[in-house]
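Undergrad: Take a look at the letters that make up each chain.
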Amino acid sequence: MKILLVCSGGMSTSIVVKAVEKKAAELKEDVYVEAVSTTQFEEKLKDFDVALIAPQVRHRKQYFDEIASKHHVPTGVIEPQAYGPFGGEKIIRQAKEILKGV
Amino acid sequence: MEAILKWVEEKLMPPMAKLAEQRHLRAVRDGIVATLPLIIVGSFFLIVASPPIPALSAKVQPYAAQILLLYRLSVGLMALYAVHGIGYSLAKSYNLDPVTGGLLALASFIMINLPQNIENIGFVLPISGLGGAGLFSAIIMAFFAVEVMRFLTERKITIKMPEGVPESVARSFEALIPAAVIMVIIYIVRIALNINIQEVIMNLFKPLVTAGDSLVGVLVPVLLITLLWSAGIHGVSVVGSIARPIWMTLLDANTQAAAAGSKILPHIAPEPFFQWFIWIGGSGATLCLVLLMLTSRSKYLRNLGRASILPGICNINEPVVFGTPIVLNPILAIPFILGPVVTAILTYLAMAANLVGRPYILAPWTLPAPIGAYLATGGDWRAAVLVLINIAITTLIYFPFFKLYERKLLEEESSDN
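Chains as they are written, first to last, in the numbering used here: chain A, 1 to 102; chain B, 1001 to 1417.
Read the hints as simulated data drawn from the structure, not as lab findings.
Beta carbons are placed, not taken as given, at the ideal position from N, Cα and C, and that holds for glycine.
Derived, one-sided and incomplete: chain B residues facing chain A with beta-carbon distance under 7 Å:
1. Ala-1017
2. Gly-1232
3. Ile-1233
4. Glu-1318
5. Pro-1319
6. Phe-1322
Listed next, the stretches of chain A that the computed footprint assigns to chain B, with coverage defined by at least 3 CB atoms under 8 Å from CB atoms of chain B:
7. 3-12
8. 45-56
9. 59-73
10. 83-96
Calculated lysine-lysine pairs in the DSS-like style (CA-CA distance at most 27 Å, straight line):
11. A/Lys-44 <-> B/Lys-1018
12. A/Lys-70 <-> B/Lys-1018
13. A/Lys-90 <-> B/Lys-1006
14. B/Lys-1299 <-> A/Lys-23
15. B/Lys-1092 <-> A/Lys-46
16. A/Lys-44 <-> B/Lys-1092
17. A/Lys-61 <-> B/Lys-1018
18. A/Lys-90 <-> A/Lys-22
19. A/Lys-90 <-> B/Lys-1408
20. B/Lys-1011 <-> A/Lys-61
21. A/Lys-90 <-> A/Lys-44
22. A/Lys-90 <-> B/Lys-1299
23. A/Lys-61 <-> B/Lys-1092
24. A/Lys-28 <-> A/Lys-100
25. A/Lys-61 <-> B/Lys-1006
26. A/Lys-70 <-> B/Lys-1092
27. A/Lys-70 <-> B/Lys-1156
Looking at chain A on its own, in the form it has when it is part of the complex (with noise of 0.2 Å):
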């Protein structure tokens, strides 16, 4: 499963991705988990299975969805008690839904 993150500069989104791959390899799952800045989402989108976009970007959840239903990638917004070290594991659960629902 490959997970992309976006969030405004991509900077704190790497933080999530840490957490993320932490949990995932304590979970055995096969996760890629990747953050771009807003600018880098399109070029990156197409090698993903889902977007998910950072909550504090929530309010262009409109935009990068024009963007993804062009390439056919389902998105979500991560929650914000999701977002932060302590939140891979409901990450990987919301990817995993969001995939499941495609």
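Fit chain B to the known structure of chain A by using the hints.
TA: Chain B in isolation, oriented as in the chain A frame:
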């Protein structure tokens, strides 16, 4: 407090988010942000040309003019670099050819700056209008160029090449009519009627720039940013899309004054003012909160503090904002909003009284705040001290609320066991 947070989420956030998503503002933001690498590196040439250490500064002095050349060709041409990106992004948002959009925007902006014929040299384009002072003209001219292009394309007033013609050739033919319309309009207004468009636009926006440098002009963005963040929205990204052109204009005026050797700079509030003196550890000045967490009796806060200290020193605070959480937390939102207001007033007064140098260098925002403040002011050690004072003040403001929240968590943690 809960009523305020509810108001922010339901009333303040939707229109602000909509405004930030408006395509013209988005294009301005993307265009200006794209120039930041050049401006950051270029402004460091200013420090190199006049280093804060007197002995070194004397040695560098004979080469200062040479070193400053690259500053002039980067920061000094800020509007020229931005206009292309603004035109590119705006055209892209309309599904028009972005390369043509960027090119026409660039041409429109250059054409309102008339070259001078200098003896023995030939035609010369003065660069004074191409820097921060020309930023608002650049924005307006980029809008003008792309809107003309859109108007003509929507009404099919373009030269369409038959299929099979290579895309790049077709593209240049499609741009012919927009280019002609733009150039004729600019010819009539700028040359035939001799209206100095640059000056007209500058005068139009002058009140906005002056307001942005006032104490109220500092407090409004500070409050909006923390209010938005307390609802979990990236405040700087939203407010910055409107305020950044003002901040850049102020910054450019300061760099020019510094390059000319003046000791007291004209403006207080370019972006580094907020970045280093107010947003210490990230929006809401959360570094002090992370420091308080490190020794917390609550296991959760202590772990979060440890995980957040390094990002916090680099001014990344989403782990704290969402992890603690501060978002929609009626206890911690109070110091999160109040702290920056207090330090903003204090810093503004300190700079207005010239107790601390005013910022003119753009340093990468992930530097630790005292170092960033030192660099931003061109090496004023008092700026670093002010940052430490601001950390102490915000710690005092956060402390009672932190204790209150910690007690709440401790109760929950003990009931869990």
